[in-house]
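Engineer: Residues per chain are reported as follows:
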Amino acid sequence: MPETKLYRSPTFCSAVSTPTSPLSIASAPAGTLWWRWGAVSLLVYRAPLLAACGLLAALLMSSLASLTLGSAGLDLLDALKAIFGIGEFMHVFVVQELRLPRLLAGMGTGAAFALAGCLMQTLAGNRLATPGIIGIDNGATAFAVASVVGLGASIAPPAMALSGAVVAMALAFGLSGGIGTRGYRFLVAGIGVGALFGAGTQLMLARVSIDVANNAYPWTVGSLNARDANSVIWLGIAMLIGLPLALWLGRGLNTLRFTDRVATGLGLPVARMRLMILWLSVVLTAAAVAVAGPVGMVALVGPEIARYLSRHKGVPLLASALAGALVMVLADLAGRTLLSPLEVPVGIVMAVVGSPYLLWILLRSPR
Amino acid sequence: MLDRLMLCGVLTWPLMTTCSRPFPRGCSRMTADPSFSAWFMENCMENRRDLAALALSSQELSRKVGLRNGLRSSLLASVAVLLLDASLSAEARSVETAFGELEIEGTPKRVVTLYEGALDVAVASQITPLGAVTTRGGDGVAAYIAPQVPKIAIIGTPREFNIEAVVALKPDMILAPPGLDLTQYQLFSRLAPTIVPAAAELTSDAWKAQSRTYAEALGDDAAAVLEKRLAAIESHAAHLKSRMSAPQTASLVRRMPGGLLVMSDQLFATGLLTASGYQLAGSDLVKAGRPHSDPLSDENLSRIDAQTIFLATLDHTSNEAVEALASQPVFQRLKLASRQGLVGVDGQLWTSASGPLAAEALLKDLDSVRDDLHDQDRE
Amino acid sequence: MQADEMIPRSHVSAMSSSSAMPSSSAVPMADSAPATRKVTGRLALWKVMPLACAIALLTCLASLLWGAGQVGPMQALKALMGQGSEEARFVVYELRAPRTLIGIVVGMMLACGGALMQVVARNPLAEPGLLGVSAGASFAVAVALLLGIEAAGMHVIVAQSGALLGCLFVMSTVRVRGARQDPVRLVLAGAALSSLLVALTSLVLLIDQRAADEIRFWVVGSLAGRSLSALYHCLPSLLLAVVLTLWLARPLAALVLGEQVASGLGHRPERVRQITILVVALLVGAATALAGPVAFVGLAVPYVARALCGADIRRTLWLCLPLGVTMLLTADVISRLVVPPSELPLGVLTTLLGAPVLIAVVRARRLPTL
Numbered sequence: 007m008p009e010t011k012l013y014r015s016p017t018f019c020s021a022v023s024t025p026t027s028p029l030s031i032a033s034a035p036a037g038t039l040w041w042r043w044g045a046v047s048l049l050v051y052r053a054p055l056l057a058a059c060g061l062l063a064a065l066l067m068s069s070l071a072s073l074t075l076g077s078a079g080l081d082l083l084d085a086l087k088a089i090f091g092i093g094e095f096m097h098v099f100v101v102q103e104l105r106l107p108r109l110l111a112g113m114g115t116g117a118a119f120a121l122a123g124c125l126m127q128t129l130a131g132n133r134l135a136t137p138g139i140i141g142i143d144n145g146a147t148a149f150a151v152a153s154v155v156g157l158g159a160s161i162a163p164p165a166m167a168l169s170g171a172v173v174a175m176a177l178a179f180g181l182s183g184g185i186g187t188r189g190y191r192f193l194v195a196g197i198g199v200g201a202l203f204g205a206g207t208q209l210m211l212a213r214v215s216i217d218v219a220n221n222a223y224p225w226t227v228g229s230l231n232a233r234d235a236n237s238v239i240w241l242g243i244a245m246l247i248g249l250p251l252a253l254w255l256g257r258g259l260n261t262l263r264f265t266d267r268v269a270t271g272l273g274l275p276v277a278r279m280r281l282m283i284l285w286l287s288v289v290l291t292a293a294a295v296a297v298a299g300p301v302g303m304v305a306l307v308g309p310e311i312a313r314y315l316s317r318h319k320g321v322p323l324l325a326s327a328l329a330g331a332l333v334m335v336l337a338d339l340a341g342r343t344l345l346s347p348l349e350v351p352v353g354i355v356m357a358v359v360g361s362p363y364l365l366w367i368l369l370r371s372p373r
Numbered sequence: 003m004l005d006r007l008m009l010c011g012v013l014t015w016p017l018m019t020t021c022s023r024p025f026p027r028g029c030s031r032m033t034a035d036p037s038f039s040a041w042f043m044e045n046c047m048e049n050r051r052d053l054a055a056l057a058l059s060s061q062e063l064s065r066k067v068g069l070r071n072g073l074r075s076s077l078l079a080s081v082a083v084l085l086l087d088a089s090l091s092a093e094a095r096s097v098e099t100a101f102g103e104l105e106i107e108g109t110p111k112r113v114v115t116l117y118e119g120a121l122d123v124a125v126a127s128q129i130t131p132l133g134a135v136t137t138r139g140g141d142g143v144a145a146y147i148a149p150q151v152p153k154i155a156i157i158g159t160p161r162e163f164n165i166e167a168v169v170a171l172k173p174d175m176i177l178a179p180p181g182l183d184l185t186q187y188q189l190f191s192r193l194a195p196t197i198v199p200a201a202a203e204l205t206s207d208a209w210k211a212q213s214r215t216y217a218e219a220l221g222d223d224a225a226a227v228l229e230k231r232l233a234a235i236e237s238h239a240a241h242l243k244s245r246m247s248a249p250q251t252a253s254l255v256r257r258m259p260g261g262l263l264v265m266s267d268q269l270f271a272t273g274l275l276t277a278s279g280y281q282l283a284g285s286d287l288v289k290a291g292r293p294h295s296d297p298l299s300d301e302n303l304s305r306i307d308a309q310t311i312f313l314a315t316l317d318h319t320s321n322e323a324v325e326a327l328a329s330q331p332v333f334q335r336l337k338l339a340s341r342q343g344l345v346g347v348d349g350q351l352w353t354s355a356s357g358p359l360a361a362e363a364l365l366k367d368l369d370s371v372r373d374d375l376h377d378q379d380r381e
Numbered sequence: 065m066q067a068d069e070m071i072p073r074s075h076v077s078a079m080s081s082s083s084a085m086p087s088s089s090a091v092p093m094a095d096s097a098p099a100t101r102k103v104t105g106r107l108a109l110w111k112v113m114p115l116a117c118a119i120a121l122l123t124c125l126a127s128l129l130w131g132a133g134q135v136g137p138m139q140a141l142k143a144l145m146g147q148g149s150e151e152a153r154f155v156v157y158e159l160r161a162p163r164t165l166i167g168i169v170v171g172m173m174l175a176c177g178g179a180l181m182q183v184v185a186r187n188p189l190a191e192p193g194l195l196g197v198s199a200g201a202s203f204a205v206a207v208a209l210l211l212g213i214e215a216a217g218m219h220v221i222v223a224q225s226g227a228l229l230g231c232l233f234v235m236s237t238v239r240v241r242g243a244r245q246d247p248v249r250l251v252l253a254g255a256a257l258s259s260l261l262v263a264l265t266s267l268v269l270l271i272d273q274r275a276a277d278e279i280r281f282w283v284v285g286s287l288a289g290r291s292l293s294a295l296y297h298c299l300p301s302l303l304l305a306v307v308l309t310l311w312l313a314r315p316l317a318a319l320v321l322g323e324q325v326a327s328g329l330g331h332r333p334e335r336v337r338q339i340t341i342l343v344v345a346l347l348v349g350a351a352t353a354l355a356g357p358v359a360f361v362g363l364a365v366p367y368v369a370r371a372l373c374g375a376d377i378r379r380t381l382w383l384c385l386p387l388g389v390t391m392l393l394t395a396d397v398i399s400r401l402v403v404p405p406s407e408l409p410l411g412v413l414t415t416l417l418g419a420p421v422l423i424a425v426v427r428a429r430r431l432p433t434l
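Protein chains in written order, with the working numbering: chain G, 7 to 373; chain W, 3 to 381; chain L, 65 to 434.
Only chain G is shown next, with the shape it has when bound in the complex (with noise of 0.2 Å):
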């Protein structure tokens, strides 16, 4: 058992409520700042809020460079003066119609992959148990492509591919009969189902005509270029409300990292805990998946970006949905401006960048 600390802090930072007398000044712990006004104090690890920032940063210089380049040449002027209408037509229309909701799009999905790929690698305690990895992708495209090759009873992809990723985790999830200790027998149904929904595929494509199958193509690949406005909106709303629920389970996130003994003495609710992370990471996986088809890897990569730059012991959620989407902001311009006018879809750009990723962490040796 490594010999850890454990601050009362949910991810990177936490409202404490200290006495306000002035001669209890601690001094703060180390690689942390302390601010205190009055009653409130605020205790903020270092490490995170620099990653954070320089996250935050990179993503609004990629955003900016996702807005400027492109087959239609615009400089940043234009681009940052078509964004609010003004300027030539086609500059605005370029701006607003074709870049910006796109680059908001691949914000949220690459945000919402990859923090519920935190969330789940948490709970599994592997940085591999993604949930695309483990099966809720390939339930999503299994519906979309049900839905687009005309089995779906005429509902929207979007919708189907957000009832397919539910229906895959209900079905592991009933399956599997419960989701056992760190979620291990239900990991192994997922991939389980994953490959059932996979075969089912594979099925539809393979008996379809070559136009349906170029319809059904973004859904088995993921791709940004085909969004859908209304599943944005509800990818907005997910992020809004699972970002900071995600936040708030924060500091539970941490102690379950820990044998469940020690979590169930530190006052853990741990079966509950465990079940509310995992649906939430099912309902931001659905929603991103709604928008953009399956892009499992941002969730692997994400997390991982976050975890290397906080150098943090906690649970890096916020670096990891900033990290997510900075990469899938970046893959989705190397995707739209690499192989122009012919576009790579986000997910196979996704999973070349991710590769050497996915290699390190499956051959670097245990620390």
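It is worth saying that the hints were derived from the structure and are not from the lab. Being a predicted model, the structure only gives us computed values, none of them experimental. For every residue, glycine included, the Cβ atom is placed at its ideal position computed from N, Cα and C. Hints are supplied without guarantee of correctness; some may be wrong.
These stretches of chain W come out as covered by chain G in the derived footprint (C-beta under 8 Å, 3 or more residues) [what the hints assert, rightly or not]: (1) 150 to 162; (2) 168 to 175; (3) 284 to 294; (4) 333 to 345.
A few chain L residues that face chain G, going by a derived Cβ cut-off under 10 Å, partial list only [to be verified]: (5) G254; (6) A256; (7) A263; (8) L267; (9) V283; (10) Q324; (11) V325; (12) A359; (13) F360; (14) S406; (15) P420; (16) R427.
Using the hints provided, position chains W and L relative to the given structure of chain G.
Structural biologist: Leaving out everything else, chains W and L in the frame of chain G:
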């Protein structure tokens, strides 16, 4: 019609407001002068959508005309309105699309095609599109049409359009595939008039209706050219049919690694085969409304047995595919088919393209097949 | 089973990060207690084997009798007995017989590959399809097609190399991370690897749309339209794999008892493991070259075999032969009958048959941390 009335109103208003201006000599001559209506057209008609610009130009018109009294001004105004209305109905064409009637005037100069059939019609009408999508399973436009559009920009694949690339081409008309979805249509029609042919059911003549829609949008000349070409195609097919002494059977299949796909008899290519006198075999394998069957099991190869089997591959390996199929014992057991009757064809043309040029190229293929067979008969 | 239930929960909830646990105290797998197997009433091999072989023969017969074509079972039966129409004889002998033969070989190879992999990974969930070994093979073939390598004989070697790489990769993750206590880690690594390879194969499809039709075959497994010549290309490596397996059986059985036992019996565990991985790659690569990626045969068949006659690899492997044939040909026959006159992809059907077994494994077995 409503917007036309609005235009008239917009136009009349500045005319009335300027009625106190001095009336220059020769005004009556001006209105009668054909150059006046030409000037009028030039200034007012270019940007019919832009009401503000129109109001400005009509103000300019009234300044130029300079009206002296109310009677004359109202007369002139009504003349102008009538002139405008008449010129509108003379010049604007209304094109029936999947998303309602679209009014188009003038000949588009910067056309972008998002569909192989549309590219074909545009090239056939001597209009070189600026951008097009790739053919299925290829990196550029289909081989049969590529020499005629050497500089065309690729703006996506049939499964995904790069809208930014379309914007960059600054199109004044977009020819979209039938079945484009509404959100994409709304996006494209903000760039330029977007023509989406009404999605007809899968019939072997659907391509003609689609081509007519595209041609109408491209202008009266294009429509006339198309009709001429369609007539020529029909007579070419009829000629082929008349040369056929007895009805021959044929089937069109595409090679897939899992087996052969039988193409529906309701497609562009199979429709032309029927028109050229072939009886199609194996089309009962295709479910209604589907363009082709599932991969056919080897055991059922006899269901597509025919005197001529057209074997299409999307890449350029149809000759190897023919050799591979011909060497299989299953094929050798077919009763009607022979090695000579097994013809490798270009899948980009036969199973993917549509349009008048594609039809001409396909019939040319049929010509050469016939000639080969005749040669062999003579030998 | 009982052996596992006796393990105290404290072991179960061992921190995954604290891998300092000595290997001798590693929680033994359910397979690793053959002594208890006999007590719990496993059947002897000689009792099970004839029955399994009989069932396998029946499925072979079914594979000859039923097809997607018009030659029905009665006609085919007549043809088999030397009567019947010429057409029926052709269909049975020229079309269904080679296909059945390929199916037999592929089924055996996949089942044995799975059984061997499970022993060497000490994990009942280690399945070549699930762990990305088949995906490695088909990705290698896709890349070879992209580079323009088209000779049929090359496919086998390329597929086997891809399988070997996938195998080494996924096994090294287990080795390095000392995850033998943690069977799910291997499965997760495999799932991650195969999803990566699938995405990369999509990339190949995107880059070269012309080869797309050809490559698409390597994404979904099928026995349709495979000729016997493809089988001949596999024979040398198959022979090698058989010889190596016969040589490996005894050391592997010792290895199941634990590394120290195996060393004590004079085997070299590391060497044995390496050669086993090679054999798995040979088998799975050849099977993939023959039929494309076919998942879950390597999971379901060894699972059933162990359930029938215990975990000793020497018995499991023998039983895997008829059972693998049974599963693969059953799936193939179903694939021909569901949508005549066409066929379904075989890989889809084996997944539909096999994925429930995965879930059964998860539910039934008390894996150390499940």
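Engineer: Output the indices of the hints that this structure fails to meet, ascending.
Structural biologist: Of the numbered hints, 4, 10, 11 do not hold.
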